[in-house]
Each structure stands twice: as structure tokens, then as C-alpha cells.
Amino acid sequence: DGGITQSPKYLFRKEGQNVTLSCEQNLNHDAMYWYRQDPGQGLRLIYYSQIVNDFQKGDIAEGYSVSREKKESFPLTVTSAQKNPTAFYLCASSMLGEQYFGPGTRLTVT
Amino acid sequence: GQNIDQPTEMTATEGAIVQINCTYQTSGFNGLFWYQQHAGEAPTFLSYNVLDGLEEKGRFSSFLSRSKGYSYLLLKELQMKDSASYLCAVSPLDSSYKLIFGSGTRLLVRP
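Sequence order for the protein chains is Z and S.
Each residue of the first sequence is one higher than the one before, starting from 1 at the first, in the working numbering.
Each residue of the second sequence is one higher than the one before, starting from 1 at the first, in the working numbering.
No wet-lab data here; the hints were simulated from the structure.
Hints are supplied without guarantee of correctness; some may be wrong.
Taking lysine to aspartate or glutamate pairs in the DMTMM-like style, the calculated list, with each CA pair at most 20 Å apart, reads [said to hold, decoys possible]:
#, chain 1, residue 1, chain 2, residue 2
1, Z, Lys9, S, Glu41
2, S, Lys57, Z, Glu98
3, Z, Lys57, S, Glu41
4, S, Lys76, S, Glu14
5, Z, Lys70, Z, Asp54
6, Z, Lys57, Z, Asp38
7, Z, Lys57, Z, Asp30
8, S, Lys81, S, Glu41
9, Z, Lys57, Z, Glu69
Start from the sequences and build out the full structure, keeping to the hints where you can.
Printed below as a string of C-alpha cells:
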């Protein structure tokens with residue numbers, strides 16, 4: 001059945017390490033997105049991609065990088081330059097309009 | 001730019017009706033979305049308003065007034081499982097792919 005998968009659900013890293021979060025969708029959606037959510041906060045857009053091999057910065061792109069080599073996949077790398085990486089990361093996809101979300105990855109950096 | 005405001009928290013009683021407001025300051029937008037998010041889970045789509053007026057979907061309804069910069073989500077016959085955060089989001093004119101989210105309203109339903 002169609003949907004968006006993110007793995008792993010929980011991820012722990014030491015400070016100074018880069019870490020890549022995976023996001024895969026089989027909904028045949030053109031657009032994909034990465035959001036960050038901090039406790040008690042709304043969603044803030046990190047990066048988004050409307051088509052393969054193209055992506056745009058969102059509101060809080062500093063310290064993050066993405067790639068979009070395949071329509072189905074939009075991995076997010078949290079680099080050591082990100083000052084406060086501990087958060088809940090959500091991936092989404094859409095055609096136009098409604099966005100469908102994956103289950104999220106909770107990243108803890110110590 | 002867009003600024004979206006929602007109350008931080010609300011409490012209501014099981015079986016009652018609750019209205020969650022969303023006000024926004026934006027020069028224009030394509031449409032307004034409401035999402036439900038249970039703690040630790042992904043947001044799920046509830047409703048989408050493009051035109052002014054009320055959209056009804058079972059126990060949930062959403063209202064939009066573009067002239068007043070205002071939307072609300074109405075939840076009827078509240079159930080304990082409705083305890084969740086409710087996120088208001090707008091699709092900006094400069095990019096129909098993007099959504100700008102409010103901070104969300106945490107609703108607690110009590111017996």
C-alpha cells in the first residue's frame with residue numbers, strides 16, 4: 001500500500017557527527033519536504049523539492065543538506081554545523097495542495 | 001510574509017463542541033489547511049478551505065473568511081481520542097507547493 005516511510009524512528013548521535021535521515025515515498029508525488037518540529041512548536045520547513053534534481057531552501061536550512069536523485073527519495077543530512085539538531089524530523093510529499101506525512105524520526109544529539 | 005496565530009492550549013469536555021481559531025496576516029494565499037497531530041506522531045489531514053464558508057466532514061467542520069483573515073475548526077461530539085494538537089496552515093501564493101504552519105493548538109478532552 002502507498003505511503004511515506006522514514007527510518008529509523010529514533011536516532012542517537014554524538015555531537016560533531018553528520019547523520020542522514022531517510023525518506024521514501026511510493027505515492028508518485030512530485031514534491032517532497034522536510035520539516036523540523038520542536039516540543040510544543042509547529043512545523044518549520046527545512047528544504048523542499050518540487051522535481052527530481054532540484055530543491056529549495058526553506059526557512060531554517062542552515063546546517064542541513066538534501067539531495068533528490070530519485071523521485072521516490074529525499075534524504076536529509078543533519079551536519080555538525082547545525083547548532084541544535086535534537087528535534088523531531090518529519091518528511092512529507094504532495095502533488096499540489098495536501099501534504100502527506102511520514103511517521104517521523106526523533107533525533108537526539110548528545 | 002505570513003503570520004499565523006492559534007491559541008496554545010484549549011480544554012473541553014467529552015461530548016461537547018469546541019472551536020479552534022486561526023488568524024493570519026498574509027497578502028493572499030491559495031488555501032487554508034487543518035491538520036491533526038497526536039503526540040509523537042505525524043500530522044494527518046483534516047480539511048482544506050479555498051472559498052469562504054463552511055466545509056463539513058462528519059464531526060469536524062472548518063470555516064474560512066478571507067476578508068476577516070480568519071478560520072476556525074469546529075469539533076462536535078468530542079471524544080477522548082480527539083485530544084491532540086491541531087495545526088492551521090496556509091498555502092502561499094508565491095508557491096502552491098509550500099505550506100506555512102501555525103504553532104498549533106493543543107486540545108485536551110476531559111471526561
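Now for the hints, and whether the structure bears them out:
1. About 10 Å separates the Cα atoms of Z:Lys9 and S:Glu41, which keeps this hinted pair within 20 Å; it holds.
2. Our distance criterion of 20 Å between C-alpha atoms is met by S:Lys57 and Z:Glu98, whose separation comes to about 16 Å.
3. For the given pair, Z:Lys57 sits about 25 Å from S:Glu41 by alpha-carbon distance, which is inconsistent with the 20 Å threshold.
4. Proximity of S:Lys76 to S:Glu14 is assessed by CA-CA distance (about 10 Å); at most 20 Å being required, the pair is judged to hold.
5. This hinted pair checks out: Z:Lys70 and Z:Asp54 have alpha carbons roughly 11 Å apart, not beyond 20 Å.
6. Using a Cα cut-off of 20 Å, the hinted pair Z:Lys57 and Z:Asp38 holds, with the two alpha carbons roughly 19 Å apart.
7. About 17 Å separates the Cα atoms of Z:Lys57 and Z:Asp30, which keeps this hinted pair within 20 Å; it holds.
8. Between the alpha carbons of S:Lys81 and S:Glu41 the distance comes to roughly 14 Å, so the proposed pair stays at or under 20 Å and holds.
9. With a C-alpha separation of about 17 Å, the suggested pair Z:Lys57 and Z:Glu69 falls inside the 20 Å cut-off, and the hint holds.
Hint 3 alone, counting from the list given before, is not met by this structure.
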